[in-house]
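J.: Hey, can you work out the whole structure from these sequences and the hints?
Protein chains in written order, with numbering that gives the first Met the number 0: chain A, 0 to 655; chain B, 0 to 243.
Calculated directly from the structure, the hints in this document are not laboratory data.
Heads up, none of these hints are tricks.
Quick list of simulated restraints, FRET-style, between CB atoms:
#1 B/Phe132 to A/Arg645: 36 to 46 Å
#2 B/Ser140 to A/Leu141: 55 to 65 Å
#3 B/Lys127 to A/Val23: 40 to 50 Å
#4 A/Val23 to B/Asn1: 53 to 63 Å
#5 A/Val126 to B/Gln159: 52 to 62 Å
#6 A/Met63 to B/Gly41: 47 to 57 Å
#7 B/Asp83 to A/Ala260: 49 to 59 Å
Keeping only pairs whose Cα atoms sit at most 16 Å apart, straight-line, the calculated EDC-like set for lysine to aspartate or glutamate is:
#8 A/Lys83 to B/Asp96
#9 B/Lys224 to B/Glu235
#10 A/Lys423 to A/Asp448
#11 A/Lys86 to B/Glu91
#12 A/Lys86 to B/Asp96
The C-beta atom is built at its ideal place from N, Cα and C for all residues, glycine as well.
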Amino acid sequence: MVGLLTIAKKNLKNNFSFYSFYFVSVAFVLTVFFSFISFSMNSIVLEKISSDGRVETMSRVVAMFVMAFVLFYMSYSNTFFMKKRTKELGIYSLLGYRKSTMVKLLTFENILICFAALIVGIILGAVAHKGIVGAIVKLLKLQIETSEIPFININAVVFTFIFIFAILAVLLLSNWIILRKSSLLMLVRMDKKEEKQIKINTALSFIGLLLILFGYFLALDITRGTQSLWKTIGFSPIALVTMVSVVLGTIFFIHSFLPFAILKLKKKKSWFYNESNIIIIPNFIFKIRSMAKTLILLTLLVSGTLALLGSTVLTLYHPVVATERIIPSAIEFPVEDKQLATEAIKIAEGTAGKENVKHKKTTIIYITSPSHNLPQEYSIKEEPGFDLISESDYKELIRNQGKNVEFENLNDNESILVKYRPDKKKLDKGNIYTLNLTPTNSVDIKVKDTTLLNPIGFANSVGTLIISDKLYKEVKSFGLPEKTMISINGTNMRESKEVYENLAPLFKNNNYFSSSYQKVDFLIQQNSSTFLLISFVTIIFFIATGSILYFQNLSNAMSKKDEFAILQRMGYNKKKVKKIISKEVFAIFSIPYALGLAHSIFAVITYKTALMDDLLGKNSAFILPILFAVIAFTLVYIIYYLLTKRACNKIIFDSK
Amino acid sequence: MNTLVSAKNVTKIYNENQLPGLNKVSFDIQSGEFVGIMGASGSGKTTLLNILSTIDTPTDGEILIDSVDIKTLNDNQSADFRKDHLGFIFQEYFLLDSLSVKENIAVPLTLLHKSPEEIDSTINNLAKRFGIFEQLSKYPSQLSGGQKQRVAAARAIAKQPSILFADEPTGALDSHSATELLQKLREVNGELHTTILMVTHDAYAASFSSRILLFKDGNIIKELKRNNQTRKQFFEEIVKEISK
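T.: Set out below in structure tokens:
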């Protein structure tokens, strides 16, 4: 009559507020998991987007990671629920249930939850997968008959089932271990087990703070460039030290510094003797030790999520913005065949309308220099040298590109150096270079200033020197090697797919033909699969962070229900109690957020300096994507906060 | 009458430097007795109940319940022993919140693999006896404290345990509910011959029993027998004894 299965079902039904959220989170995680597995098993799409197996390798790595994390998340939640249920397990034990029977009961419950969530996950995951494939096909303009892709990939279903069985086995084992370790006395008399009074170790608390600061210092050190420890000692050892230092620092910080700081705050009587603080602060101090593990875990999760999201958005966004310098004109190509060049201009005008097209022919002169203080740009290219461009050509090109020229007219002995990478200190400014006109004849020019506004794409010119029209004319008369380029600009030209597609056939094997549209399109093609894979991980991180926060707060609220009833009897009205609840929930939300945000910002700075080529020298190119990631994360986090607060209020004020 | 519980030199030491929780305690309980254990908090009464009911283990000594040496039981054996021989009532009720009243009472019977007909008739009889028949389909959260404790008592008695352990059963009840419960316990003791061991610090509750062991600092300091006194007389004797 009351079999194990009945008890399991009843338990799930009656602890709905807890389990429903757990169920939703598991279903969500499995949705993401299933759509990810379906995607990684979708050979039709993978073949199209990955020619060299790069995406396959990456998706295998991501799959391992996702699986490990899902397993971790499920066993974390499971253990959490087990601890919540000590009393209930104690009653079973008193009634004479064997431990093996209790494990069976717990496993029944897990099976019910996991399989229901699995069904939801497979259906939603299949829909999500369909949507992702549709989006990719559209974004990357793939030639795929989407109807050929089955709605539900049987292999993915089998794989997901096996994975769920593995998870259930792990949960069973972990429940067995927990039950083995717990004695009946512990289960029944659990109220006797008090929270240990905190003893604060001042040394540890400061070590925590110092370790975090040391980690941040190391992270920032990378911006010193070649002199930084990351270069002199080595990237991997310093990366490891930084990470270990920050992680250990976080542990000590939350474990020791936080209670230390709060106890100090408590000494400020005017602040402490306040109707909500007098409740919140002692509660917090009382609970901090048992919550420390969760807070540390959450901090690391928030840092991981934000760093991952931030660096991914940055990696996607930055190269697209940098195209503005790599290919400053909409279309650019060297004139090797005059007829072809004329035809190209005609086609461009024919496609976009004559009034919308500005084309400009520019000739640059190659020249060498015997000077010793030459800039980096001089020697980057195959044959070291400067590319000379006349001032009026330069100005016209820059204006055609819709930008403003940054300098006044040049004297004959002056020049402006176009830098490849930004150089805030302008080290080259004021240098004097000797230019070889002939083996015996030379001219000296002074670098009046440097600029980042390059008129010509880096494929066609690096180390560009802008000189006065008069000097240019003189140099030209010496018959040095030159190169002539056509740059096409105009209204909406940079985004014009048609102009590119109509011109491309003329320059089939020409590596120097460049198009900003084509470049951006290529970047999107290259990075979208990476972005997609990282998105799967990020979403799973998001769900895990949110649900752990939710569970922790809900369990706090449940254990304090009676205390709040006492407060209400002591004269706290509903509004005041609500204020206390929201402050307590806020405290648990804000600590991992603030610390995780700081960690991730330093991580992204390190990532950016180490792995990204900064051509723009504009902070906005970094700040915008990071800001975007932070805002997106914060919005989701706020939603979690509101949901959690609502659920806690419901628990406290529900009379049942 | 035969000896149901026999405790010899039962000792519990929590911490080498502290006084023992139980110091060589010996006593017998006859089958069908209603024994009260009294004492202030820290006197060792709950420790004794924990040890007798296999919740805790003694440091030293011998305990036989129904001729079973409970010290030698392993995890599974002690679970089975509780299933077959012991019933429990606690101050905190310890009902399963997810199950209805009827299901709560049915759990121990299900564990003993009784037939559905037998389970139903047992539940109905006990529910009438404890005045919770109307509540059978309700859930614990819908009951008053007194009702909850009567459900707990019905659940403990349903399987006809060799002995019923009650730990401060009236601790959380108002005096009316407490009296009601204690009367039911005495009734069960008299009519069904259920052996009861009740731990309490309350002289009124203790006066419902037939014999009282007074505990202090881990020792039995006095034994009181009701004999032919009325409950009221016995109560007065207890009060006199503990206010000494």
